[in-house]
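Undergrad: This is what each chain is made of:
Protein chains: 2
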Amino acid sequence: MKKPLILVTNDDGITAPGIRALVEAAQLMGDVLIVAPDSPQSGMGHAITINAPIRLHPSRAFEGLNAYECSGTPVDCVKLAVKVLLKGRQPDLCVSGINHGSNASINIIYSGTLSAAMEASLEGIPSIGFSLLDYAYDADFEPAKYFALQIMQYVLKQSMPYGNLLNVNIPRRPLEAIQGIKLCRQADARWVEEFVEAEDPRGQKYYWLTGRFENNDLAPDTDLWALEQGYVSVVPSMHDLTNYKALEMMRGLEYMQSSPQIAAV
Amino acid sequence: MKKPLILVTNDDGITAPGIRALVEAAQLMGDVLIVAPDSPQSGMGHAITINAPIRLHPSRAFEGLNAYECSGTPVDCVKLAVKVLLKGRQPDLCVSGINHGSNASINIIYSGTLSAAMEASLEGIPSIGFSLLDYAYDADFEPAKYFALQIMQYVLKQSMPYGNLLNVNIPRRPLEAIQGIKLCRQADARWVEEFVEAEDPRGQKYYWLTGRFENNDLAPDTDLWALEQGYVSVVPSMHDLTNYKALEMMRGLEYMQSSPQIAAV
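Residue numbers (our numbering), protein chains in the order written: chain S, 38 to 302; chain L, 38 to 302.
Among the hints, erroneous ones may be present.
One copy or two, either will do: identical chains are not told apart, so a pair holds if it fits within one copy or between any two.
[Said to hold, decoys possible] Here are the simulated DSS-like pairs of lysine-lysine, each with C-alpha atoms no more than 25 Å apart in a straight line:
#1 K282 <-> K194
#2 K40 <-> K124
#3 K124 <-> K242
#4 K242 <-> K194
#5 K120 <-> K242
#6 K39 <-> K242
No lab work stands behind these hints: they were computed from the structure.
This is chain S alone, in the form it adopts within the complex (with noise of 0.2 Å):
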């Protein structure tokens, strides 16, 4: 039997224990190919360089390994991967992360692992963004490397609905205290944020991002709950942003063209 060729990509950086982690997991299921980025990239989104070239080099973290470092952001990584190194040639998977932090409920707008694996999806392969709820870069992977195994498993055996991936995240527990897996809707949560104000050493005024998370979507039903409970949460999700129910709702907005008040105004 042919091994499926598994691209790993991260958004905290080639060197990130993370993507080590991932690695050591997708190398038991089949051929690997790594190409990340060459610096962390948190908080990135779906961004991608258009206005600036892209450099990409072979890289020496993984030993023995298939491995390349890459300036653009996560979603770049993806691209060059199957266009330049693949020369279009489809990996049978691709598996982002593990990311250092959840990207559980709206998180997975700001993410650059979720980002990466919803770039793979739209070019039709199969992929899963894995996030472990510890920010330490120290933290143990294990537990959360023994379910990207499973996962990655079940995904390249029963394949997945086109255009889908998976948003896994992990709870911050032993193996043995984690419940298992759920499947789950995005909790609909919020970040409330603040700015910090301050000087730099010129005088100059600045500010930095900083926030709490904040959950009014307690729902059994949504990733949030699953962690809070001790589950493996996974969320099929897709690129598809159509808001169907207010669809119908806004039907009106189609009507109003011809008003005479409008071209008043």
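Assemble the complex: chain S is given as a structure, and chain L must be docked to it using the hints.
TA: Coordinates of chain L only, in the frame set by chain S:
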């Protein structure tokens, strides 16, 4: 009657002609606060600045108006406007654009213009992203301005469901050739990308992203279809990326964690 407060931002930067057109339309409807990037931020997606300070300065780009330029991303602009400049007071509306170039279909995912609008919607502010299907710096923004005014008026009068934003694209046609407004879903189109490979003046290889847009989703309820027919397309959009259809299909994942062959891999 108290005038509504309208926050205006974009991703092409505060000096772009497109934001000028949008400000002129917004001024007819209410009081305007402009907070826009100090340089072009196209393709930034939902990026936020978390590892660096952000600068915010009063701008002279709009004489007599309350305008600020910001060193951060479009999403940063919205956050700073609400948290720092308005000290938590909610604007009645946030508008972003008018973007130089289309943000129809999956471009919403890559677009700084639309990500700014989504950030506002996450904060509970009704919001609209406007884009004109013309990349030219000296494009004619008058027809787009006319429809921006109509749609802003509708949203201020009718309000919108919580967390909703509108992705509005305007075809490149004279006003009299535009057929009206169409409510649509996001077309499931794709970028087919290539990288130009070249060498810099020091002989170092680089890659530069290029691509063409390919649409295999020609259904008449899509934004791309509406635009082709000469309509202004309006896609009500939101931040929930859950793939509800896939949720049930993948339920098997929940039952595999005790599978013995996994531990054996």
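Undergrad: Confirm or reject each hint.
TA: Taking the hints in turn, this is what the structure says about them:
| no. | hint | result |
| --- | --- | --- |
| 1 | K282 <-> K194 | between (34 Å within a copy, 19 Å between copies) |
| 2 | K40 <-> K124 | within (19 Å within a copy, 56 Å between copies) |
| 3 | K124 <-> K242 | between (47 Å within a copy, 17 Å between copies) |
| 4 | K242 <-> K194 | neither (55 Å within a copy, 39 Å between copies) |
| 5 | K120 <-> K242 | between (43 Å within a copy, 16 Å between copies) |
| 6 | K39 <-> K242 | neither (58 Å within a copy, 33 Å between copies) |
Of the numbered hints stated above, those contradicted by the structure are hints 4, 6, listed in ascending order.
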